[in-house]
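Quick mapping for you: the protein sequence lines, in order, are chains A and B. By our numbering, the letter at position 58 of the first sequence is numbered 58, and the numbering carries on one by one without gaps. By our numbering, the letter at position 91 of the second sequence is numbered 203, and the numbering carries on one by one without gaps.
For the record, the hints were derived by calculation from the structure and aren't laboratory data. Beta carbons are placed, not taken as given, at the ideal position from N, Cα and C, and that holds for glycine. It is possible that part of the hints are untrue.
[Stated by the list, open to error] A short list of chain A residues far from chain B (calculated; beta carbon distances all over 10 Å):
| # | residue |
| --- | --- |
| 1 | G8 |
| 2 | V13 |
| 3 | M83 |
[Claimed, not checked] List of simulated lysine to any residue pairs, SDA-like, C-alpha gap at most 20 Å:
| # | chain 1 | residue 1 | chain 2 | residue 2 |
| --- | --- | --- | --- | --- |
| 4 | B | K178 | B | L138 |
| 5 | B | K176 | B | K153 |
| 6 | B | K153 | A | A87 |
| 7 | B | K153 | A | A86 |
[To be verified] Some but not every residue of chain B turned toward chain A, in silico, with C-beta under 10 Å:
| # | residue |
| --- | --- |
| 8 | D139 |
| 9 | Q154 |
| 10 | L188 |
| 11 | T190 |
| 12 | C206 |
| 13 | R209 |
| 14 | G216 |
| 15 | F219 |
| 16 | F220 |
| 17 | Q222 |
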Amino acid sequence: AQSVTQLGSHVSVSEGALVLLRCNYSSSVPPYLFWYVQYPNQGLQLLLKYTSAATLVKGINGFEAEFKKSETSFHLTKPSAHMSDAAEYFCAVSDGNNDMRFGAGTRLTVKP
Amino acid sequence: GAVVSQHPSRVICKSGTSVKIECRSLDFQATTMFWYRQFPKQSLMLMATSNEGSKATYEQGVEKDKFLINHASLTLSTLTVTSAHPEDSSFYICSARDGGQGAGEAFFGQGTRLTVV
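Throw the hints in and build the complete structure from the sequences for me.
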């Protein structure tokens, strides 16, 4: 069975600073990996996904993530944080079936 | 991208009554939909996988008689919380995957905030 671990339930950065949200996965088969963002009282919106093509994946809103098989990681980054990036971020993993499992989430706070 | 519509967005009901939540895929067919429950400031907990034309697959610890799921068509799945109690108050989210298994991303409804009083 696959799973993901998000290190850090809460990350706080200053506006304009680098954003780094960590995600490590466990999967017995080559995984498909996803990052989603959730704003208060809303569903989840896909930021980006890794599907075994390029290891560096670019997503919406300036976010990107790099798949590192040797480290079983798929960390999410953004060079310069914006106030509007404050939200909950979820990493998810899927195997070849329909099942998708989510990490515990990381709440990003952006300080002015 | 594909759209999943969930209704209602908010519902308040009395203890002991039942509440139905609808999840529709608007521009694609979803043979499988997923129902999640989310507690405040926590992650999504998969409750069940809804399969069109067959019985839902429930996760361990989820009461199937409590949370009734029906997936009568390729675009509609419903979750009915039966005999609701205050502890059932939560945020419920549905999702559907487009583009097949594995690599297909999941599209989420906007969620339903259920409050049982």
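These are the hints, each one checked on the structure:
Remark: the non-interface label on A/G8 is consistent with the geometry, its nearest Cβ contact in chain B lying 13 Å away (cut-off 10 Å). The claim that A/V13 is not at the interface with chain B holds, since no C-beta of that chain comes within 10 Å of its own (minimum 19 Å). With a least beta-carbon separation of about 20 Å from chain B, A/M83 lies farther than 10 Å from that chain, consistent with its non-interface assignment. As the CA atoms of B/K178 and B/L138 are separated by approximately 27 Å, the hinted pair breaks the 20 Å bound.
Between B/K176 and B/K153, the direct Cα distance comes to roughly 25 Å. Violation of the 20 Å bound is thereby established for this hinted pair. Among the hinted pairs, B/K153 with A/A87 is consistent with the structure: their alpha-carbon atoms are about 11 Å apart, no more than 20 Å. Straight-line distance between C-alpha atoms of B/K153 and A/A86 comes to about 14 Å, which keeps the hinted pair within the 20 Å bound. Among the interface hints, the one on B/D139 is violated; its C-beta lies about 16 Å from the nearest C-beta in chain A, farther than the 10 Å criterion.
Checking B/Q154 against chain A: minimum C-beta separation of about 7 Å stays under 10 Å; hint holds. A cut of 10 Å between beta carbons decides the hint on B/L188: the least distance to chain A is about 17 Å, and the hint is violated. Evaluation of the B/T190 hint against chain A yields a violated restraint, the C-beta minimum of about 17 Å exceeding 10 Å. For B/C206, the suggested interface contact is upheld, since its CB lies about 8 Å from the closest CB of chain A, less than 10 Å.
Annotation: interface hint on B/R209 holds; nearest CB of chain A at approximately 6 Å, less than 10 Å. Here the hint on B/G216 is kept, as its CB sits about 8 Å from the closest CB of chain A, short of 10 Å. Proximity of B/F219 to chain A holds as hinted, the smallest CB-CB distance being about 8 Å (cut-off 10 Å). Residue-level restraint check for B/F220 holds (minimum Cβ-Cβ distance to chain A is 4 Å; threshold 10 Å).
Satisfaction of the interface hint for B/Q222 is found here, the shortest Cβ-Cβ separation to chain A being roughly 5 Å, below the 10 Å cut-off.
In the structure shown, a violation is registered for the earlier hints numbered 4, 5, 8, 10 and 11, in ascending order.
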